[in-house]
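Undergrad: Single-letter residue listing:
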Amino acid sequence: MKSRTLAFALAFLSLASLQAVLLGHHSASMFDNTKVMEISGTIKEFQWTNPHVWIQVNVQSAAGVKEWSIEGGGPNTLSRQGWRPTTFKPGDTVSFRINPMRDGTPAGLFVGAKFSDAKTLGRWEAQP
Amino acid sequence: MKPKTFLPGILLLPLLAFAQRGAAPALPDWSGVWQMVGPTVFDTSTVEPPNGRAGDPGVRERPPYNAEWEAKYQKNIDAIRRGVMPDPVNTCGTPHGFPRVMNLPDVYEFAVRPEQVWIIGENGPNILRIYTDGRAHPAPEDMWPTYTGDSVGKWEGDTLVFDTVSSKGFRDEDVIVDRTGLVLSEKLHVVTRMRKIDDTTIEAQMVLEDPVALKSPWRVTKRYRRQPAGTRVYDYSCAENNRNPVTATGKTLTLGSDGKPIDKVVD
Numbered sequence: 001m002k003s004r005t006l007a008f009a010l011a012f013l014s015l016a017s018l019q020a021v022l023l024g025h026h027s028a029s030m031f032d033n034t035k036v037m038e039i040s041g042t043i044k045e046f047q048w049t050n051p052h053v054w055i056q057v058n059v060q061s062a063a064g065v066k067e068w069s070i071e072g073g074g075p076n077t078l079s080r081q082g083w084r085p086t087t088f089k090p091g092d093t094v095s096f097r098i099n100p101m102r103d104g105t106p107a108g109l110f111v112g113a114k115f116s117d118a119k120t121l122g123r124w125e126a127q128p
Numbered sequence: 001m002k003p004k005t006f007l008p009g010i011l012l013l014p015l016l017a018f019a020q021r022g023a024a025p026a027l028p029d030w031s032g033v034w035q036m037v038g039p040t041v042f043d044t045s046t047v048e049p050p051n052g053r054a055g056d057p058g059v060r061e062r063p064p065y066n067a068e069w070e071a072k073y074q075k076n077i078d079a080i081r082r083g084v085m086p087d088p089v090n091t092c093g094t095p096h097g098f099p100r101v102m103n104l105p106d107v108y109e110f111a112v113r114p115e116q117v118w119i120i121g122e123n124g125p126n127i128l129r130i131y132t133d134g135r136a137h138p139a140p141e142d143m144w145p146t147y148t149g150d151s152v153g154k155w156e157g158d159t160l161v162f163d164t165v166s167s168k169g170f171r172d173e174d175v176i177v178d179r180t181g182l183v184l185s186e187k188l189h190v191v192t193r194m195r196k197i198d199d200t201t202i203e204a205q206m207v208l209e210d211p212v213a214l215k216s217p218w219r220v221t222k223r224y225r226r227q228p229a230g231t232r233v234y235d236y237s238c239a240e241n242n243r244n245p246v247t248a249t250g251k252t253l254t255l256g257s258d259g260k261p262i263d264k265v266v267d
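The listed protein sequences derive, respectively, from chains V and X.
Residue 2 in my numbering sits at position 2 of the first sequence; the count goes up by one each step and never skips.
Residue 37 in my numbering sits at position 37 of the second sequence; the count goes up by one each step and never skips.
Because the hints were derived from the structure by calculation, they are not lab data.
Since this is a predicted model, take the numbers as computed values, not measurements.
Fair warning: there could be bad hints in the mix.
[As the list claims (entries may be wrong)] 25 Å max Cα-Cα, derived PhoX-like pairs, lysine-lysine:
| # | chain 1 | residue 1 | chain 2 | residue 2 |
| --- | --- | --- | --- | --- |
| 1 | X | 260 | V | 44 |
| 2 | X | 215 | X | 260 |
| 3 | V | 89 | V | 119 |
| 4 | V | 89 | V | 66 |
| 5 | V | 89 | X | 154 |
| 6 | V | 66 | V | 114 |
| 7 | V | 44 | X | 264 |
| 8 | V | 66 | V | 35 |
| 9 | V | 66 | X | 264 |
| 10 | V | 66 | X | 260 |
| 11 | V | 119 | V | 35 |
| 12 | X | 260 | X | 75 |
| 13 | V | 35 | X | 264 |
| 14 | V | 119 | V | 44 |
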């Protein structure tokens, strides 16, 4: 029974991962959806809010630490795809694939995430 | 009581049930939670490119516009390309309006009563009220354009047929039909036939007539798929944490966690 539940959950998550992020509230023209870039960092804050969720990530580079803002879909639909308010915990190390801002500022639209235990969320397989 | 006139109660029950059905026909069961099939492109049958998503540069549909309204649509399409076509609902509290209320992301509920049907969209949230108590549209002098307009309808068997007029259209440039920039006028008149076509699908066939914007009737079909039993519907609050406000020139900004724009050029 347990394994059936797990199989169902995996099937559900893999189905959910096929769905592109939809912004139900505003124009997404600030994000370049022809590009996928990868960043890795430490979760500073996960804003589980309407109309969209936001993941704040501190990214370390030679120049120092820079905070990135990653916008996702709405919490209602994301919750039905398996996301929870605890999906990204402060202090977690996570890699993200995002559609970056067209003007190069440190923000982007969520495409996929890979956690330190190698589990993935969203469209991780989308090629950078 | 004479034995001849005695009818056992058990024989009366079907008669009573028949009498009740005669008085108020059984309404279809549209309970549960439903999600629109496909992207938030209003007319997926004419969208170009074929799998285009509303809001992506260059994506458009082919309504039977006259030249004047094709030009209005083209102007919006160009504004989307330049990143200066804000979605009016970005101003928190603005309803999506009719017919966009039939084209929402997130999920729907359909509340069916003999006297009225409510189409409840989680996103927005939005409500379309359809009066089925036999009333007509208000007299012209008692009616003014509103976002969702005025809808009256009736049941033809298992099909809800409703008629919508007096939606606000693009008059004040704060109602679009979808994020490709589609617009219609306040003279829009829509007849919608809505029916559960199988246990997991409700279909809405819409015929849109707009003597100001369209050369001929525009037929659009939307479908809604039943979600798993037990699915919950949640609050939607645009004002809770809107980090994408719109500037006076129509640019959608992105705010950092400190509430300040992170865009290189703000306006």
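Undergrad: Run every hint past the structure and note whether it holds.
TA: Evaluated hints:
1. Distance restraint check for residue 260 of chain X and residue 44 of chain V: the Cα-Cα separation of roughly 17 Å lies within the 25 Å cut-off, and the hinted pair is therefore satisfied.
2. Simply put, residue 215 of chain X and residue 260 of chain X have alpha-carbon atoms about 46 Å apart, too far for the 25 Å limit, and the pair is violated.
3. Distance check on the hinted pair: residue 89 of chain V and residue 119 of chain V sit about 15 Å apart at the alpha-carbon level, within 25 Å; holds.
4. A threshold of 25 Å between alpha carbons decides the hint, and for residue 89 of chain V with residue 66 of chain V the separation of about 18 Å falls inside it, so the pair holds.
5. For the proposed pair residue 89 of chain V and residue 154 of chain X, the alpha carbon gap of about 52 Å is over 25 Å, so the pair is violated.
6. With a C-alpha separation of about 20 Å, the suggested pair residue 66 of chain V and residue 114 of chain V falls inside the 25 Å cut-off, and the hint holds.
7. Proposed proximity of residue 44 of chain V and residue 264 of chain X is supported: the alpha carbons are some 23 Å apart, at most 25 Å.
8. In summary, the hint linking residue 66 of chain V to residue 35 of chain V is supported, as the alpha carbons are separated by about 21 Å, within the 25 Å threshold.
9. A threshold of 25 Å between alpha carbons decides the hint, and for residue 66 of chain V with residue 264 of chain X the separation of about 16 Å falls inside it, so the pair holds.
10. Between residue 66 of chain V and residue 260 of chain X the CA atoms are separated by roughly 16 Å; this keeps the pair inside 25 Å, and the hint holds.
11. Only pairs whose Cα atoms come within 25 Å are accepted, and residue 119 of chain V paired with residue 35 of chain V is accepted, the gap being roughly 23 Å.
12. With a C-alpha separation of about 30 Å, the suggested pairing of residue 260 of chain X with residue 75 of chain X is violated against the 25 Å cut-off.
13. At roughly 19 Å between alpha-carbon atoms, residue 35 of chain V and residue 264 of chain X fall within 25 Å of each other, so this suggested pair holds.
14. With a C-alpha separation of about 20 Å, the suggested pairing of residue 119 of chain V with residue 44 of chain V holds against the 25 Å cut-off.
Consistency with the previously given hints fails for numbers 2, 5, 12, ordered from lowest to highest.
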